[in-house]
Structures are given as structure tokens and as C-alpha cells.
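Letter by letter, the sequence shown follows residues 0 to 322 in numbering that gives the first Met the number 0.
Honestly, the hints are just simulated from the structure, not real lab data.
Be careful, since some hints might not be right.
Here are the simulated EDC-like cross-link-like pairs (lysine to aspartate or glutamate), alpha carbons at most 16 Å apart as the crow flies [said to hold, decoys possible]: (1) Lys193 / Asp288; (2) Lys193 / Glu173; (3) Lys300 / Asp18; (4) Lys1 / Glu316.
DEER-style ranges, computed between Cβ atoms [unchecked claim]: (5) Asp273 / Glu181: 38 to 46 Å; (6) Phe49 / Gly203: 32 to 40 Å; (7) Asp161 / Asp229: 39 to 47 Å.
Beta carbons are placed, not taken as given, at the ideal position from N, Cα and C, and that holds for glycine.
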Amino acid sequence: MKVGFKLFAEGFGPREIVDQAVRAEQAGFDFVEISDHFHPWLFSHGHSGFVWSMLAAIAERTDRVELATGVTCPILRVHPAIVAQAAATTAILSEGRFTLGLGSGERLNEHVVGKGWPNATRRHEMLREAIQIIRLLWSGGYQSYDGRYLTLEDAQVFDLPDEPPPIVVAAGGEEAALLAAEMGDGMFCTEPSKALTRLYGDTGGTGPRYAEVPLAWATNEGDALDSARDMFRFALTGWKVQSELPNPVNFEAASALVNRDAMRDVFGYGPDPDKHLEVVREFASAGFDHLCLINAGPDPKGFFDFFERELSGPIREMGTPAP
0 MKVGFKLFAE
10 GFGPREIVDQ
20 AVRAEQAGFD
30 FVEISDHFHP
40 WLFSHGHSGF
50 VWSMLAAIAE
60 RTDRVELATG
70 VTCPILRVHP
80 AIVAQAAATT
90 AILSEGRFTL
100 GLGSGERLNE
110 HVVGKGWPNA
120 TRRHEMLREA
130 IQIIRLLWSG
140 GYQSYDGRYL
150 TLEDAQVFDL
160 PDEPPPIVVA
170 AGGEEAALLA
180 AEMGDGMFCT
190 EPSKALTRLY
200 GDTGGTGPRY
210 AEVPLAWATN
220 EGDALDSARD
230 MFRFALTGWK
240 VQSELPNPVN
250 FEAASALVNR
260 DAMRDVFGYG
270 PDPDKHLEVV
280 REFASAGFDH
290 LCLINAGPDP
300 KGFFDFFERE
310 LSGPIREMGT
320 PAP
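Let the hints inform the model, and build the full structure from the sequences given.
Structural data, given as C-alpha cells:
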């Protein structure tokens, strides 16, 4: 079991994100996972720094903790050749501590370049081609690729790490889980789905299974639930909505009626470690072995202290059953 911390780059500025990564390493987290957005989910979040700049700074400021994107979309806003180069550089700067998380993206971030927004099946086909391009460039030398959706012309990534970074593929449903098993080195999910971990394993997936675990720490339950609503109410709209809305203002409207009581069914919240461990256990029981803890509470520093004191040991003792 590895335990990670989610760097929520939509909710904090770039310097604070780097500082949180340093504190996560000090607190004993095994990895940090950072979001890769152009826009924040909600206008009230107020931030969305460039992920590759932040990763470079984190690589320089840390020594042990592993780094991962959660996740990068390489099909529209950023061409896979650029992602291949950026990931290779990050792997070098971090001395082999980097994992490239890839997914089929959201309209929220990808529409900004004016290339439209394909349906989910086409996006998965594009992601397949993007992974092929990235791996091709990581194999060295000049490379070309002529796919149905993506092309590459006489390109070479000159600075390559000794070993290519693992690629973990985000899966919100069966189609993506099959793609993760076929083309990825791991799978990334946001729900405690035994069906997805089982499908991933049954169809040849042997790599790590990452999941984001929703927690909100505060010294009282009311503050924790209020903060969770303010920061993460967008997540309760469901993935079909999350992938389709174009701007933060749309998510503000779509989640306006979500109240703090709705967060009780999703988040571990408040000062009681048992409430947090109950949610963590649900993901561990579903077969996930890389648990990335989200803190939607109002006090990041307090959460790191809480993790060291109350969560780290019990989570590591959970182990992970076979999916």
C-alpha cells in the first residue's frame, strides 16, 4: 500500500502547491499527485497554475516523494509530443520519481484551443494514439506517426531518462479500464469501484491501481463539511457532467444546490479519524493499492499533522486484497 497526497492546483497558487508537496514529503507520504488544468472547476477556486512548471519546482525541492500528474490530457490542448518531452524532462529532474497519469480530459480545459470536443469513444481512440506517440518518442531517435486523429512528423526527444516514466491511465468506466489494462502501466480512478479493479485485472492489467480518496479535516464537523462543499461540490455532479461543461461558471450553476449535508455521504470529515478511515477502507477494499488522499478541509497544515498522528499507520496496516 502506498499513500499519496492530492495537490489541488485549482484551489491554491503555485508557490503554495510547491510548499504543500514539501510538507507532504516531510509528513511521510509516498507520492504527491497534481492536477493538470487550464481552468479551475469553480470560479471561486481562483487558481490553475501550469503543471509542468510546478513539477519542476517540486522535483528540485524534494528528495524522496514520488510525483505524478492526476491526470494530463494529451489529445487536444497539448499534443502528445509536448507531453512526451515534458514528462521525460520531469523524470530527469526528479531522478526517476515521476509517473505520467493520462486521461481523455474535460471540455473545461480542452475547448480553449478551439478544436471542438469529441464524444467519449473518440476521445479514448485519440488517447490510444497519444500513448503510442509518447512511447514511440521515448524509444529514442527521430519518429513519425500517421494516425486517424493524431500525427507526428520527424520528431525526436533528445533528453530522455534512463527509464521511461510509467503511464497510468484514468478510468471512469469499462471502456477506459480496458484501455488502461491494454496500454497503461497502471489505472487511475476516483470512485471505489470493485468492478473496475476486477475488470482491469481480468483483462491483463498488472500495474498499480490509483484512487483519489475524498477527506475533509477540520477541528469540527461543520467547518469540514462547509469547506468540502465550497471546494468539491462540483464532484457531486457526476462524471458525465464533469466531462462536458465548458467553464467554471457552468460548474458554479450546476452545483449551486449541493448542500453540505450531501458531502456526508462522500467524504470522511471532521476531527474523528474513524470517519476518515472508513472512507479510506472502502477504497482499499475495492482493490486500490495507491491511495491519494484529498483534503477538502480549510487547514492544509492541520491535515498534514492529522495524517502523521492519526492516519498514516492505520492506512498502511490495511493492505490491499486482490480485486
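Hint-by-hint comparison with the structure:
no., hint, result
1, Lys193 / Asp288, "holds, 12 Å"
2, Lys193 / Glu173, "holds, 12 Å"
3, Lys300 / Asp18, "holds, 10 Å"
4, Lys1 / Glu316, "holds, 11 Å"
5, Asp273 / Glu181: 38 to 46 Å, "holds, 39 Å"
6, Phe49 / Gly203: 32 to 40 Å, "holds, 35 Å"
7, Asp161 / Asp229: 39 to 47 Å, "holds, 43 Å"
Violation of the numbered hints given earlier is absent; every hint is satisfied by the structure.
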